[in-house]
Structure formats: C-alpha cells, structure tokens
Amino acid sequence: MLDHVVAQKTYFLIFGILLALTALTTGVAFIDLGQWNTIVALTIACCKATLVVLFFMHLRWSTRLIRAVVLSALLWLAILIGLTTTDYVSRNWTPIPQPWESSVLQ
Amino acid sequence: MADSHAASALAHQFEDLEQQHEAVSLGMWVFLATEVMFFGGLFAGYAIYRRLYLPGFVEGSHLLNVALGAINTGVLICSSLTMALAVRAAQLGKRNALVTFLILTLALGLAFILTKLTLEWRHDYLEGLAPGLNFTHGGPHAKSVELFFCFYFLMTGVHAVHMMVGVGILLVLVVLAWKGSFGPTRYNAVETAGLYWHFVDIVWIFLFPLLYLIGGRY
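Protein chains in written order, with our numbering: chain W, 1 to 106; chain D, 1 to 218.
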C-alpha cells in the first residue's frame, strides 16, 4: 500500500460533521448577530475546509514536503489578502495632497 | 520489483512506487496552490468591493436563493464523500466499488451544475439580474447590486467551469476503472483527481457563505 487507507467510518463521520456545519451556518444566517454573522460564517467555512483538507485530501497522513506546499499556499494567500486590505484600510489615514496652485490663487 | 504488476505501475524515472506516489501528489498540490491564488484574487476583490458598497451587496445577496445554495453545498459534500470512497476502493483494488463511486461522484457533480444552471442562473437572468445581458433591477443601490451580480456570476461561473473539468476527468477515470487500469499499486490518477475534486468543493464551501449568507437573512 502506498498511502494510508482511511477507515470508512472516519469518512462518514467527517461527512456527517460537514453536513451538520452546513446546516448550522445556514441557520445562523437567519439570526441577527450584527458583525458576528460574518465572523461565524467564515469561521465555520474555515473549519469545514480544514476537515476536507485533513481527512478527504489525506493531509493528516501526508509527508512534510506536501504540508509545506499547503502552508506556503496559505501564506501567500494571507499576503495577497493582507496587503490588499491594509492598503484600502489605511488609504484615508493621511490627508490627500492638494495641488499647489490652489494655495497660490487664494 | 516484487511482482510484474508493480513493475508496470512504476515509470522508469522513479526509484520506487513511494517516490512516484509522492511526486504525483506533490505536483497536484503545487497546482492547487496556484489555484488558491487564482480564487484568492477573486475573494480579495469581492471583500474589498463588499466593504465599499455594503448596502448594494447585502441587497444583492438577499436576491439569491439560500435554500438552493444550501442544498447544492450538501450535494457537493456528498460528492466529496463518494470521491474519497472511490480513492479508498482504488487503494483496496475493489474495481466494482471504484466504478460505482466514480459514477456517483460524476452524477452528484452534474446535479450541482444543472441546479446552478437551470434553477439559479436562468432564474437570475429572467429576473433581470444578469449584468450586461438583462439587468433591470432598480432602486437606490442598483449600480452596487449590479456589481454584486458581476462578482456572483464570475465566481460561481469560474467554479462551475472547474466542476465541468472535474466531470470530464471523472468520465475518463470511469472508463479506465471499468477496463481495470487501477489497482493497489497504481491509483495515482484517481487520487490526484480526488485532490482536485475536494479542492473545488472547498472553493464552494467559501463561496456559499460569502455570496448567500453573510449579508444576514433575518
């Protein structure tokens, strides 16, 4: 055998958890939690993605080389989203420079 | 090599089957890392524009059918389970189980695409929510809603294209599995296809809350 054969029971357990989390995230969307709606929805999505990667995609049993590739993908995604958001968040922190003519003409 | 079957499963550039297996998986994971960046750009763009035009994006999100989105999420999770079971059947050399699970995965994938196409996209188009083709939605945030639907069609469309590629790969695998091309030492093709399929599932796991849910449904 080249790779770990996962017990059928494990797959069905993960499948059940994924369906339960889908029901949970859909249900929570109908409750007003203000800002927390977004945070809860994204947290549940991250949990589901982690379960799929670890068990369905066998990352739990794979080599360190493949784990490094997965972590680097997440790192680059964090850079992509992180740097883009910091730009948009901090854009208005400094005043927008006015053209010099406007001060001369006054 | 221990037996002739194992020998034929090993391409001659590799030392042994483990090395070949690792190389094949690594290749797929590197490809998926590039896919993360591809979808990541769309997600980042969506997040920025949602922040800039929040009322329009919430209004647009409310125009989507959350029940269909949830059902389709369930369908994709089922297809991920059958795909995982197909890989397991290939590892154990169970040909009939492999063919059955591959066909099930294929059918669930098609069910997802057809639901998307006939019940959602077609409906959105007829309701006048398709930017560039038929957009008649009015109101104070009409332009922002239009932008939301640009993102909606682009993101779900690109995802659906990935699904169709997956369906094509599965079709080939079904034929190969039927011919008995896979066995306990040669199932790399099934496993890499599985990795791809699960990845497409993960993309939807994020698309569903981002497009359908986070505006709140109360």
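Simulated from the structure, these hints should not be mistaken for laboratory data. Please note that a few of the clues may not be correct.
Just the calculated beta-carbon pair ranges, DEER-fashion [unchecked claim]:
hint: 1; chain 1: W; residue 1: A68; chain 2: D; residue 2: V172; range: 28 to 34 Å
hint: 2; chain 1: D; residue 1: G138; chain 2: W; residue 2: K9; range: 39 to 45 Å
hint: 3; chain 1: D; residue 1: Q13; chain 2: W; residue 2: K9; range: 34 to 40 Å
Glycine included, every Cβ here is placed at the ideal spot set by N, Cα and C.
Going through the earlier hints one by one, which of them does the structure break, listed in rising order? Those not satisfied come down to hint 2.
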